[in-house]
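Could you put together the complete structure from these sequences and hints?
Residue strings, one per chain:
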Amino acid sequence: MKLRNRRRIVQGSGLLLGLFGATGIGMTHLIFPGLHCYACPLAVTVCPIGLMQNLIVFGTIPYFWIGAIVAYGLIAGRGFCGWFCPFGTLNDLLAFRRVKTQDALSYSKYVVLIGTLIAAWYFADTMFCKLCPAASLEASIPYLLLGVAKANRPFLIHMATLGATLIGMVLISRFWCRYLCPMGALLSLFNRVSFFHLHLSTERCTRCRACEPSCPMGIAPHIEHDNHNCIKCGDCVDACKLDALSLRFEWPGKGSAKKGPQEKR
Amino acid sequence: MPRRRTVQVIRTTRRTLALLLWSVVAIGILAVGQEPILVFSLTDTQIEIPQGGEMVVGLRIENGSVYEAEGIEPFLEIEGLVVQAEPEEIESLPAFEDATIVFRLSASGETPLGAVSHVIEMLYTYCIGEQCFQFFEDIPLDLLIGPPATVPVELPDIVPTESSTQTLWIDLGVLGCGVLLLLVAVVIRRRMGLRWPLSAVLILFVLGGLTYGVFLNQHEQAQGIGAVLCTSCVGIEEAQHGMPELTSAGMEAISAIDQEIELLVFYAVWCHACPFAKAMVEAVATHNPRIAYRFVDVAQEPELAERSGVIQSGRTVVPAILRVDTGELIFGAEKLESRLIDLLEDGS
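Each protein sequence line maps, in turn, to chains G and S.
Under the working numbering, think of the first position of the first sequence as 1, with each following residue one higher.
Under the working numbering, think of the first position of the second sequence as 266, with each following residue one higher.
Heads up, a few of these hints could be off.
The calculated lysine to any residue pairs, modelled on SDA-like cross-linking and capped at a C-alpha distance of 25 Å, are [said to hold, decoys possible]:
1. G:LYS150 x S:GLU571
2. G:LYS150 x S:ILE576
3. G:LYS100 x S:GLU419
4. G:LYS241 x G:ARG98
No lab work stands behind these hints, which were simulated from the structure alone.
Here you go:
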């Protein structure tokens, strides 16, 4: 089975967890390993970014949150963006134009993350949630249909951010994941130490660059396979005819941290 | 060479960003909020003190709100008694934490016998942005001065706690150790090329964070935040600030209601839209004494919230106002005056 098909199955399970409330189960103590609004009528998990903002407002030292985020980061890093996050899946489904853009721009997601933290502290409110396109899709629209929400100014702001993000996703593959997702920014901090990672065999790689156009994040996998933006989706693995790239799940203690293949170039 | 330099620049930038990010996280998590709702309870409401003897009583202070309370100071002066409070003041009490002030009351041999009703005057402050508010609250205290004790009276063992100061030091210690371990592991990884120390430290963070978090009940806090939908928090409506002002037409309509109506106002302590809804119902009730109301904290009375239909598709939505006799509900605080009047007029 192609990695892409396996990924679709796992993404389906991410969506299933995201909408598990349909079974009648209420909110659990689980923090979602991606961006999924806890206000979604069918959510059974807590949004890590929403929770983080609330904890800042409350002035709570977030031990439980840190434990969960480090666990997700250590297990797969941004692999959750590529394989599990429902909003990532939406990005994936609209990834028609796999364009390569300036890598420096992708640091904007850290600005979003820091801005989210500062805004939560300064305004003592969950300011990011009021703009979050995932909340637009998963909370604003369902609650409008349920009659709880009205087509008021906050709703229109949500629709504007959702619309802009959707246009961005269509024009640039994984637009939200690349540039704006604060959860992606958090997970990317763990990308190099996570158990699940993209492995490059420098012996097999001929620098044919066949993997480059396949990458939805605009990375050149053959030279920066451990890039902070890599969502470990495996599209490059499917594209590589020489089996130089592979997705592996292994104890990160193996091997040396020095001299990554990209540095040998 | 230029590529190598670029890689180095990118790495330095990443490290700086990461450092900046975690500094902001650290500042953010230490950031404190406002608007406390303190709950005071005495360890004993009937205190008996023998002439020439002493007794201790504890005052437990719980901060049930999302905000920090500051400068919590008790005032207790009783004629004929020597009163000592420990601590004399609690500088700050963070959200969801509690503290205990212990009063030692000593009676002299000449303190008159009999029952005395008194109050402990509590003073505390909270701030929203640059605006600070001071609160006074009286805690009733009933004393009975009895005859001198024939056998020594055993004093209850109540330990004074200043939650904020103690936990802050514990938190700072835990976080400091964590950061130190992380730095050491990163240095080992970079200098010696060993990966396992960093992995081990991160695994320690996972196990320690989750265990200590569960110990502090933070998993329940997370679940509570996820289970309650505050309408203004995710932008279903705008948070209404300030005091609601009824229009003259609204006041007339409210005054014209000639039926006894009971309203339940469901709220959550962290909900930004709820204070407005509560104040609106209070304002409406002052214009028509036939309208009675009660505030219901959904965290305290989840079953009532469920029975009343405040739970929509598994999510408790606040603020919600229920008209008890008809079972009609309205959610949110937007255009509340007209919607509330419609609710009151329906079937009246």
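With the threshold set at 25 Å, check whether the alpha-carbon distance from G:LYS150 to S:GLU571 stays at or below it.
Holds, at roughly 23 Å.
Taking 25 Å as the top limit, are the C-alpha atoms of G:LYS150 and S:ILE576 close enough?
The hint holds at about 18 Å.
Restraint check for G:LYS241 with G:ARG98, where alpha carbons must lie at most 25 Å apart:
Holds, because 19 Å separates the two Cα atoms, which is no more than 25 Å.
Starting from G:LYS100, check that the Cα of S:GLU419 is at most 25 Å away, please.
78 Å, violated
Hint violations for this structure: number 3 only, all remaining hints satisfied.
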